[in-house]
Amino acid sequence: MATRVKMTSMPEMVGILNGFGGGASVLVAASALIAIYGILATGQQMGLQEKVATAASAIIGSITFFGSYVAFGKLAEFLAVKWKLKPWQSAIKYGFSAVTALGGLAYAVPIAFLDESATGRDRLLAGLAGLAFVVAGALLLLRKDRFPGMNALKWLAAAAAVALGAWLVIDPSNLPLYWLLTGVAAIVGVLLTISIGGADMPVAIALLNSYSGIAGAATGFVINNSVLIVAGSLVGASGIILTQIMCKAMNRSMVNVLFGTLGPTSETPSADETYKTVKATSADEIAMMLDGAQRVVIVPGYGMAVSQAQHTVRQFAALLEERGTNVEYAIHPVAGRMPGHMNVLLAEANVDYEKLREMDDINGEMDQVDVAIVIGANDVVNPVAETDPKSPIAGMPIIQAHKAKTVIVVKRSLSPGFAGIPNPLFAADNCLMFFSDGKKAIQDLITAVKESS
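Read in order, the letters of the sequence shown are residues 30 to 482 in the working numbering.
What the hints contain is simulated information worked out from the structure, not anything from laboratory work. Bear in mind the structure is a predicted one, so any value in this text is a computation, not a measurement. Even glycine gets a Cβ: it sits at the ideal position worked out from N, Cα and C. Not one of these hints is a red herring.
Label pairs and their calculated CB-CB ranges:
1) D396 with A300: 21 to 29 Å
2) V335 with S202: 45 to 53 Å
3) R33 with A300: 37 to 45 Å
4) Q337 with N459: 27 to 35 Å
5) K434 with E302: 25 to 33 Å
6) V256 with K434: 55 to 63 Å
7) A135 with K277: 40 to 48 Å
8) T306 with S267: 45 to 53 Å
9) W184 with S255: 29 to 37 Å
10) K111 with S202: 40 to 48 Å
List of simulated lysine-lysine pairs, DSSO-like, C-alpha gap at most 30 Å:
11) K35 with K111
12) K183 with K277
13) K113 with K173
14) K122 with K173
Use the sequences and the hints to build the structure in full.
The following block contains the structure:
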């Protein structure tokens with residue numbers, strides 16, 4: 030499967046694999062309970078360590094599974110969107126939602142209504158478990174990523190999951206309780222991830238990766254598997270460290286990522302007001318500017334990934350270098366949709382690693398750059414982060430492309446990034462907009478530069 034996935038779709042694949050780990054943890058913990066207390070009862074008893082690990086596997090595993098599916102859906106642009114979906118997107122969206130809801134009902138209905146030996150408590154818990162999965166499935170059909178009271182519902186669902194987990198530790202033989210806990214944790218996973226904007230998605234991917242490791246380690250305690258404990262702990266610890274690094278790079282806390290809001294506020298200038306002085310350019314005009322440029326910095330963003338322009342960008346850079354121009358790449362740590370997304374794409378295109386400059390290193394030299402070419406990046410070069418303390422992205426470190434002598438922004442339109450706010454860089458005096466698909470734009474530039482030689 031990995032060999033068939035395009036490099037540009039790697040974030041979606043990482044999200045799916047994280048989900049597999051979480052789902053496996055839920056099923057293994059359930060099988061352990063069934064083996065001890067269910068129809069396969071062995072008479073063996075669980076120790077406190079195994080009980081706590083089982084509850085942790087249910088909570089973290091379910092959050093990881095459903096959260097990873099939501100991350101995949103948002104990256105593939107079929108969850109929490111208002112536009113018309115492609116047939117395959119609709120099939121996945123409505124199919125997964127239906128399976129979630131019907132799976133919960135398939136478990137709940139026989140126990141709640143057909144099993145004469147079930148106690149009243151078991152009937153109630155099974156019914157609530159089925160309802161929880163129906164709610165989780167319904168939330169997956171939302172056409173927007175936020176609604177009034179969402180944060181309150183997140184906290185309520187999280188508190189309920191913790192309370193149910195504590196109950197399961199006390200009474201691990203209660204199998205309907207385990208599935209109710211899993212269903213409530215599924216609601217938590219959906220709510221936590223569906224509200225995360227694309228600008229924060231690298232943090233979400235890193236966090237879900239950590240969750241999958243922690244869930245695996247917890248499952249290792251359930252089945253007394255030392256290898257699983259060690260491997261899960263390593264993945265969990267590295268994921269948490271990476272998450273902290275990503276949050277620091279964005280100058281945001283984890284709580285702010287999970288519960289905060291990215292988007293325009295009442296004080297955010299309108300796009301019409303911001304873009305009054307936007308200047309469009311052409312490939313031929315850019316070629317003339319590059320003719321005398323001694324130093325060029327390329328700032329890649331998600332638009333480069335979407336258009337699969339990394340190989341074309343490398344060819345363009347090589348052409349400029351043949352003319353004596355020094356070409357470097359400014360890499361923002363959260364550009365793209367997963368940690369190191371731009372690094373992975375440029376490495377695939379065989380770009381010399383020494384030419385990749387970290388944000389902190391290149392920012393101090395941007396005023397010495399003749400031409401900065403921004404390809405499909407938006408929020409990570411938005412100067413509002415430094416100039417407007419009331420902006421939703423205030424304080425987020427950016428690549429200071431606006432300090433270059435000339436800035437060329439390659440973008441299909443003036444649509445906002447995932448932060449949902451206008452970018453005044455596009456209307457700056459030293460900025461020119463080249464409206465085009467990323468790959469086509471660079472191909473046109475290669476042609477224009479060759480013709481101007």
